[in-house]
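Q: These are the residues of each chain, in order.
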Amino acid sequence: MEVLSRYEPLVDDFEAFLAACERSLPAVVRVNTIKAGVERTKRALDEEGVGYEDRKWNETVLELDTDKPGNTWPYFHGWIHGQEEVSSLPATVLDPQPGERVLDACAAPGGKTAQIAALMDDTGLVVANDNNLGRLSALRFNAERLGLTDVAVTRQDARNFSLKPFGFEAFDRTLVDAPCSCEGIIRKRPDTLDEWSLSHVEGVSGVQKGILKRAIQATRSGGTVVYSTCTFAPEENEAVLDHVLESEDCRVVEFDTPLESRPGVTEWNGEEYDRSIRKARRYYPHHNDTGGFFCAKLEVTG
Amino acid sequence: MSNDGQRFDRLPATDDERELESRATLEEVVGWWDERFGIGSEEFEEHTFWEKGAGKIWIAYGEHPSPTEIEGLGMKFLRTRQEHWKPTTNAVQRFGRVAKKNVIDLDPERAMAFVRGKDQEVEWDGDWGYLIAAHEIAGEREPLGVGLYLHGELRSVVPKGRRRED
Ligand SMILES: C[S@@+](CC[C@H](N)C(=O)[O-])C[C@H]1O[C@@H](n2cnc3c(N)ncnc32)[C@H](O)[C@@H]1O
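Quick note, the sequences are listed as chains A and B, same order.
In terms of full-length UniProt numbering, the first sequence has 266 at position 266, counting the first letter as 1, and numbering is strictly consecutive.
In terms of full-length UniProt numbering, the second sequence has 81 at position 81, counting the first letter as 1, and numbering is strictly consecutive.
Just so you know, these hints were derived from the structure itself, not from any lab.
Any given hint might turn out to be false.
[As the list claims (entries may be wrong)] For lysine-lysine, the following DSBU-like pairs were computed, each having C-alpha atoms within a straight-line distance of at most 35 Å:
#, chain 1, residue 1, chain 2, residue 2
1, B, K118, A, K164
2, A, K188, A, K279
3, A, K68, B, K118
4, A, K68, A, K42
5, B, K160, A, K42
6, A, K42, B, K118
[What the hints assert, rightly or not] These stretches of chain A come out as covered by chain B in the derived footprint (C-beta under 8 Å, 3 or more residues):
#, segment
7, 41-52
8, 58-69
9, 72-83
10, 175-187
11, 236-248
Just so you know, even glycine gets a beta-carbon here, dropped at the ideal spot from N, CA and C.
Please model the complete structure; the sequences and the hints are all you need to start from.
A: Okay, structure coming up:
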């Protein structure tokens, strides 16, 4: 928890923030609309006597009244998939359309890939990439359980992602759900911060810059890139955006955010970031009873 | 030309286009689902079929270059290696809802035993071999997975990781 004190200047009601970080997360799932509608899923849960609660901002997100969502019929049928509430956000910001070509640059274990595919009605193409073979095998298992046919899986370093296997030049949209110091998932894994170090944060920030740069290059002009992390560290969020705004043809754009959020910061530890980065959004655990999150939407201009 | 476990080769449309003797054709694969389960080719109009490794058929949405060297392309669909072709649990769950034959309906107790991987004696006077096991949930029939019916017994072939453990 001590690590988090560096964010005291950024966070309102810091006590409530710390208290929220110590609570465990509710069991939240996303309904996989490729296999079943929300109504049918609810009916099946009713039959099994499993309670649920809606999330107003997204009808496919349900909080279940059980700590074992895996022991239900809707789970067995691939109608639901465990996905923390705030992590359902970036795919909706990406807003992929049926028939499009979408890259999920850091995709494993595939929660967001599956949501993207569902938003596209399992049409078009979602390239799910990751560089970790073990995590990719979890992704493949999940994608097949959920019945996705529009997902192609690649194992590449996203910093040098090559479109060669696909025979086209650019994606319509790309999600970069970057590897990060994961401070925001402390509610799921309380030991997350045990190995925290500034040098790790700085190292991972370098990887994030490389991945986001390549993602922008691999996306067509006029296309959308969404950058998200589950960390509070500005080094891994706003600083990464600031870096790519200088080197790549893109701009930060606003997006509607149904969850309570705060703007991206433009000053941190004596550094100043581009003013447009205020359009990025920070999500704190005490505001929506979720994990911590960061999300930015970019438009490719060149 | 041979089968390569590292890449996806698109299935030839028909026998005339077949270059690899052992490779199933699109016509055969789609024809098998129709013949076995009454699931017509119109269900797969937007999909393409691929082989990666001998006899492992995958189904993917849309067109892709062939061959393609990637880790995954759509989902595993059918195994054509053995004499009896075997659909995957995931394919049956995804495409099996519209099946018109060789579907065995299980009551709640049997459905639960089936998804726990248990073999059970059943009454069935239809075809032997691979069936779609289904149950009723939320007012409609829903496929559970693949069962192998032989000598009065329905064997559950739900893979380990897909079983219910509770
Ligand atoms: C936050 S996780 C992704 C979670 C995933 N988007 C989901 O919703 O299930 C970040 C992922 O980035 C992957 N990764 C780390 N470095 C990478 C690189 N250089 N290229 C591609 N993937 C990388 C990690 O293996 C990890 O799976």
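Q: Quick one: which hint numbers does this structure break? Sort them smallest to largest.
A: Numbers 1, 8, 10 and 11 - these are the hints that the structure violates, sorted from lowest upward.
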